[in-house]
Structures are given as C-alpha cells and as structure tokens.
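J.: Sequence:
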Amino acid sequence: MIAAPIHIAGERLMLDPAGVLHWPARRTLVVADLHLEKGSAFAARGQLLPPFDTRETLARFVPLLRRYGPRRVVFLGDSFHDDDGVARLQAQDRVALVQALEGAEVVWVAGNHDPSPPAGLPGVVVAELRDGPFTFRHVPTAGAMGEVAGHLHPKATAPTRAGGVTRACFVTDARRVLMPAFGAFTGGLDVGDMAIAGLFPRGSRAFLLGPERLYSFPLAARRTAARSVTYTQPTLTIG
Numbered sequence: 001m002i003a004a005p006i007h008i009a010g011e012r013l014m015l016d017p018a019g020v021l022h023w024p025a026r027r028t029l030v031v032a033d034l035h036l037e038k039g040s041a042f043a044a045r046g047q048l049l050p051p052f053d054t055r056e057t058l059a060r061f062v063p064l065l066r067r068y069g070p071r072r073v074v075f076l077g078d079s080f081h082d083d084d085g086v087a088r089l090q091a092q093d094r095v096a097l098v099q100a101l102e103g104a105e106v107v108w109v110a111g112n113h114d115p116s117p118p119a120g121l122p123g124v125v126v127a128e129l130r131d132g133p134f135t136f137r138h139v140p141t142a143g144a145m146g147e148v149a150g151h152l153h154p155k156a157t158a159p160t161r162a163g164g165v166t167r168a169c170f171v172t173d174a175r176r177v178l179m180p181a182f183g184a185f186t187g188g189l190d191v192g193d194m195a196i197a198g199l200f201p202r203g204s205r206a207f208l209l210g211p212e213r214l215y216s217f218p219l220a221a222r223r224t225a226a227r228s229v230t231y232t233q234p235t236l237t238i239g
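Each residue of the sequence shown is one higher than the last, beginning at 1 in the UniProt record's numbering.
Rather than coming from a laboratory, the hints here were simulated on the basis of the structure.
Glycine included, each C-beta is placed from N, C-alpha and C at the ideal position.
There's no promise every hint is true.
Said to hold, decoys possible - Beta-carbon label-pair distances, calculated as ranges:
1. R202 with Q99: 42 to 48 Å
2. R130 with L48: 38 to 44 Å
3. A87 with A221: 41 to 47 Å
4. L189 with F42: 15 to 21 Å
5. R94 with G188: 25 to 31 Å
6. A91 with A25: 34 to 40 Å
The whole structure should be built from the sequences, with the hints applied where relevant.
T.: The structure is reproduced here in structure tokens:
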C-alpha cells in the first residue's frame, strides 16, 4: 500500500489507504471508530447482524500494527460500540488484540459510545491527547488547530468514467485531519454535510480509501460553522 504524506504544523503525517494515520516522528499509529462488537450490541436488542464484525476489523488492523511497529497506538474513540463491548469480546479476539498491542504505549481516547475504560485491555483512557502541535480527540471542534479527530465517519464520492465511486475517506486541510471510520460495520457521512464541511470553511481535500492507494481531490469551501461537543474526561499532555 502507498501512504500519502501531508504536512500540518511543520510535521509530516502519513495517511494509509487502510484508513489509519502514522506520525513517523513519534512512531505513533492512529485509528478511529472501530466500533468493535457492534454486531453483538444489535443482537442484544433483537436486531440480528452477522457476529463477525470484530474479527473482520481486527483482521485488517492487526497486520497494520505489525507493519508499522509503532511505539504508541492512539485509538480515537468509539473503539467499542458500547461500554459493555469489551466484555463481549470473544477470547480469541481479545488475545489477538492484546498480543498485537504488546510493547506499545496504548492510549484510548474516550468516545461517545465508549466513555469508560476498556476493562482488561492495556493502556490509559483520556478525553484527548496533546503531543507537540497536535490534539488527538474523538469529536472535532470548530476552529481547532493541529487537530486529529474521528466521530463523523466521512465518506466521499469520486467521479469515474463508470460513474461515481463512494468510499470512506480522510478529510484534511492545513489545520486538521478528520479520520475515516475503521470498523467493519461503520457507515459514513457525506463530506458535503455541514457537520463535516463546516469544519473546513476555506475548503479541504478528501483522500478516498482505495485497495492500494488513496485518491485525492479538492472539496469546495462551505461557510457555516460546524457543531461541536465537549467531553469532561482528563486530558493527557506530552512534552
């Protein structure tokens, strides 16, 4: 896979076509919105979905940990679909995740779906992580600088000769990166929706996820400010 470099606040970040972000200078791998155990959450409410979303998501994520060998892994919130999701992990999936994270510093940013610590898994839970010029948080904040966030599950449609192709995507400008949702059962919000477009009043660029590379194209500016949400968990500041 061919990652795409971008530069924010003088730092180089790599956007991976698999949907993760790598910060080489800090050996940090960032992933958003895995929504593990979403299938079992729906099943508990009587809406039966195939119970394989966690295994599929981890089957895509664990090889990325092996490829990058990160010193730190940052989960940008909604890693589990609800606070009880970690308790519903199958033993095989729990072992695979714990083994893959072994040796890395693990930071779980609290999401709106999973605000409590994931019991039995390594790492610390914070509302946001600040390191150098960057703030890693779940919900993006209008006007923020150096922000890496998730929550909104951006998707975009690229024109092709055969018609439009819609995929999950990164959205970025000189100030922030909005991450795609990584989970197997996650939907998407079109980048034209004001919840996303309002974060980029001067316009932005979408990086559409492809099998081996990203497909980039500009997005027009929108002028209405986006809504923001504030959480009260502790903040972890490094440096």
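J.: Do L189 and F42 keep their Cβ atoms within the hinted range of 15 to 21 Å?
T.: 19 Å, holds
J.: Tell me if the beta carbons of R130 and L48 are separated by a distance inside 38 to 44 Å.
T.: 42 Å, holds
J.: If you check the beta carbons of A91 and A25, does the distance land in 34 to 40 Å?
T.: 37 Å, holds
J.: Verify the CB-CB distance for R202 and Q99 against the hinted window 42 to 48 Å.
T.: At roughly 44 Å between Cβ atoms, Q99 and R202 fall inside 42 to 48 Å, so the hint holds.
J.: Evaluate the given range 25 to 31 Å for the C-beta pair formed by R94 and G188.
T.: Between R94 and G188, where Cβ atoms are some 28 Å apart, the hint holds.
J.: Taking the Cβ atom of A87 and the Cβ atom of A221, is their distance within the range 41 to 47 Å?
T.: 45 Å, holds
Consistency with the previously given hints is maintained throughout, with no hint failing.
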